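If you're matching them up, the sequences are chains A and B in order. For the first sequence, the numbering used here gives the first residue as 778, with consecutive numbering after it. For the second sequence, the numbering used here gives the first residue as 580, with consecutive numbering after it.
It is worth saying that the hints were derived from the structure and are not from the lab. Among the hints, a few may not be true.
Calculated cross-link-like contacts (lysine-lysine; reagent style DSS-like; alpha-carbon spacing at most 25 Å) [said to hold, decoys possible]: (1) A:K1087 to B:K729; (2) A:K1109 to B:K777; (3) B:K650 to B:K789; (4) A:K1109 to B:K785; (5) A:K835 to B:K825; (6) A:K1109 to B:K771; (7) B:K779 to A:K1062; (8) A:K1109 to B:K650; (9) A:K1115 to B:K771; (10) A:K1109 to B:K779; (11) B:K825 to A:K1087; (12) A:K1115 to B:K610.
Computed footprint of chain B on chain A; a stretch qualifies when at least three of its residues, placed anywhere within it, have a C-beta under 8 Å from a C-beta of chain B [to be verified]: (13) 1116 to 1122; (14) 1125 to 1137.
This one's a predicted model, so the numbers in the text were calculated from it and none came from an experiment. Quick reminder that beta carbons are idealized off the backbone N, C-alpha and C, glycines included.
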Amino acid sequence: MFKLPKNLFRPLRPVFRPTRLYSSVPLTAETYKDKVSINDKFKKLNDSDIEFFKGILKDESGLITGDDCLGYNEDWMRKYRGQSQLVLKPRTTEQVSMILKYCNANNLPVVPQGGNTGLVGGSNPIFDEIIISVANLNNIRSFDPVSGIFKCDAGVILETADNYLADNGYIFPLDLGAKGSCHVGGVVATNAGGLRLLRYGSLHGTVLGLEAVLPDGTIYNSMNSLRKDNTGFDLKQLFIGSEGSIGIITGVSILCPIRSSSVNVALLGVSSYEMVQKVFIESKKELGEILSAFEFMDLNSQKLVGQYLKLDHPLEDEYPFYVLIETSGSNKDHDDEKLETFLANQMEAELVNDGIIAQDESQLRNLWSWRESIPEASTMNGGVYKYDVSLPLDDLYSLVEASSERLRGEGLVDFEDGSKPVVEAIGYGHLGDGNLHLNVCVREYSKSVESVLEPFIYQWIQEHKGSISAEHGLGFQKKNYVGYTKNDIEIKLMKEIKHHYDPHGIMNPYKYITA
Amino acid sequence: MSLKILVPVKRVIDFAVKPIINKAQTGVETKGVKFSMNPFCDIALEESLKIRESNKGLVDEIHAVSIGPTKAQDILRTALAKGADTSTLVDVGDEEVEPLAVAKILKKIVEKQQSNLIILGKQAIDDDSNQTGQMLAGLLGWPQATNASKVEINGDEISVTREIDGGSDTLKAKLPMIITTDLRLNEPRYVKLPNIMKAKKKPLEKLSPKDLDIEISKRLQTLKVQAPPERPAGVKVESVDELIEKLKQVKAI
Ligand SMILES: Cc1cc2nc3c(=O)[nH]c(=O)nc-3n(C[C@H](O)[C@H](O)[C@H](O)COP(=O)(O)OP(=O)(O)OC[C@H]3O[C@@H](n4cnc5c(N)ncnc54)[C@H](O)[C@@H]3O)c2cc1C
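If we strip away everything but chain A, and leave its shape as in the complex, we get (with noise of 0.2 Å):
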């Protein structure tokens, strides 16, 4: 067979941090002083401390130290930055719950990393926490291709997980764009939602079991559980979506589907956010079982992406707005007939002003990336605030426009002039769950820009019914703001399961909940 070269009709590329090329991330303490102080009664890590961990872990590569931290001490956004000086890599679940354990009897305060590619600050140390990475715990465990179950350790990468899958003719029921790097412990322990959520749901629903240690070293193992087990509180619940405030995810039992043999991919223009809406519901209506992704985003981002990319926009014209809609079935016939008639209907209605469809499965990939490129574009000119929300779909967009508004009123906005701080607010998102990205895109993180947009939009969503996190959680980020959509008697309770097994508050201090 012919090989083509592999970056013939520009494929997706791997996900890219945003450049090192300039000066290193602040650290977190200095940036974020009034909000964070260091908590005295932890102890200091010593030298005997590290010889403990050396004794568990035997081989050498599991321990880092000092700068060979960095890249454990910065987010993906390259804006928060830690500063500790210690990694530790364990292979086993055993040597997780020995280093918990020693760490919870000693005071010393660890943070679990998966990834790192979390958005909200919760997978690095404020100070100097220990980074506890489960990178080295990636063994596939097992597959079962009658029932779909899928077992596996907690650092094995998401992309290898679904092409491990995809070999079976099975699908990871989760994808996002980070998938090259972020684990499948890690999406779990955030409760991840992205791209195929509207098809086959939240994790809470298609996670069958656990591993996970406690801080006291416990090992909690629920990965036998069947599809149907109703026997008392459905403890795994607790770790999903916890962002390692309760204990360290080591193993994922997870029902996987079939992956579709048929698969299509359209990218719509369209002239207002009203019209994306009713496109939204004549999608459900018409493609129905088939719809498998229905993604918006603006002019903006669209432009930032062609600029990422280098590359001209698939569609010619410029729109307002523009919709990824992706179907997938078992007969190719009856979904492309299916999504043809469709889009001849919202052309014919002028819901959609124009569209392309993917012909192959390159111009499919293509097509994505117009749509996956978007958190990495909206980086490159220094940095992003990222607000990641649900809003009932009526309001969702006009977020986007009361920011924009907002920092036009300040004077901080401008596309091309490089002495504003801020490119754009531009918004994207999982509209067929409600679920909106604003994305802030600026030349510097800055402490003007940041008190313009916060507390002014957790506010907003607050009145107008939505959450402050649709999906990326809460971590050092939203850590002041929870109250925005929890109440007071929720805060309550998740602080009596914080306190109950985690009474010394050594795991990920600092965040958004405190023992």
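Please arrange chain B with the ligand on chain A, whose structure you already have, making use of the hints.
Relative to chain A, chain B with the ligand alone:
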């Protein structure tokens, strides 16, 4: 002068799909596999559309032809949606057709359509023969320019640039002629929605080899299809010293 362009397009396993050899080792697994237009054919089609767009009134007709199973209609519909005017499917069922037979069929279509310019892919990515264009040129007795990376029209003369080791090579010929396309000639377009609808109404004629008086016979016999031997996995080294040690072991340095 006006151009009547013929663009042959082949239905092949999508280039992004990793082919798997079937259990009987007689070929690759095709069940449940995604098929698309051969990328080089797509480039040939794109070039013909570009010629029409950049030379107003020059192109009379772009005709797409596919030789393959009934399903190859999908590929023709794509070609029509991208901008071909008319099309023909020569339905050969599931039979594999060798380049010479393809060239013979194409010759008949050329005569039928009175084409004077044929733009086709330099090869199909399934059998990688890279023969059809050349054989067709032989059968028709027309000039050929293979592996085009640039095509320019000056009056009734066409010049074709091809990439060669250390530079480029430019050929000139008068119509009628045959051009086969290389990878970097252009980048194929997307299909626009309204054009998909319009394509449904464009002509798609269905013929059998018999209708063209062609007998398809096989000159080649496939004995066995096998995957290349797997490469041994790489090794990770912990330090530069270890790397040097390992390289010395295999006598690389
Ligand atoms: C380009 C890009 C696109 C993205 N798109 C989406 C999207 O569409 N939808 C979405 O929901 N999110 C998205 N995200 C963010 C998403 O939260 C992360 O990509 C992913 O969920 C985190 O996985 P990770 O392994 O990198 O975890 P990390 O970033 O390492 O950690 C995230 C949090 O989980 C904790 N944690 C990690 N591993 C464990 C473990 N084994 N046990 C206990 N706690 C642990 C950490 O302490 C931290 O609090 C995107 C991120 C990027 C960079």
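Okay, the hints, checked on the actual structure:
Of the pairs offered as hints, the one joining A:K1087 and B:K729 holds, with about 23 Å between alpha carbons and a cut-off of 25 Å not exceeded. For the suggested pair A:K1109 and B:K777, the alpha carbons sit about 20 Å apart, so the restraint of at most 25 Å is met. For the hint pairing B:K650 with B:K789, the CA-to-CA distance comes to about 19 Å; that is within 25 Å, so the pair holds. Under the criterion of a C-alpha separation no larger than 25 Å, the hint pairing A:K1109 with B:K785 is consistent with the structure, at around 22 Å.
At most 25 Å may separate the alpha-carbon atoms for a hinted pair to count; A:K835 and B:K825 meet this at roughly 24 Å. Restraint check: the Cα-Cα separation between A:K1109 and B:K771 comes to about 19 Å, which is no more than 25 Å; the hinted pair holds. Taking the CA atoms of B:K779 and A:K1062, the gap is near 24 Å; set against the 25 Å cutoff, the hint holds. Between A:K1109 and B:K650, the direct Cα distance comes to roughly 11 Å. Compliance with the 25 Å bound is thereby established for this hinted pair.
Taking the CA atoms of A:K1115 and B:K771, the gap is about 17 Å. The hint holds against a cut of 25 Å. As the CA atoms of A:K1109 and B:K779 are separated by approximately 17 Å, the hinted pair is consistent with the 25 Å bound. A C-alpha spacing of about 42 Å is found between B:K825 and A:K1087, which places the hinted pair above 25 Å, so the restraint is violated. The suggested pairing of A:K1115 with B:K610 holds, with an alpha-carbon distance near 22 Å, which does not exceed 25 Å.
Counting residues of the segment 1116 to 1122 of chain A whose CB lies closer than 8 Å to any CB of chain B gives 3, which reaches the minimum of 3, so the coverage claim holds. Counting residues of the segment 1125 to 1137 of chain A whose CB falls under 8 Å from any CB of chain B gives 8; the rule of at least 3 is met.
Comparing the model with each numbered hint stated earlier shows that hint 11 is the single one that does not hold.
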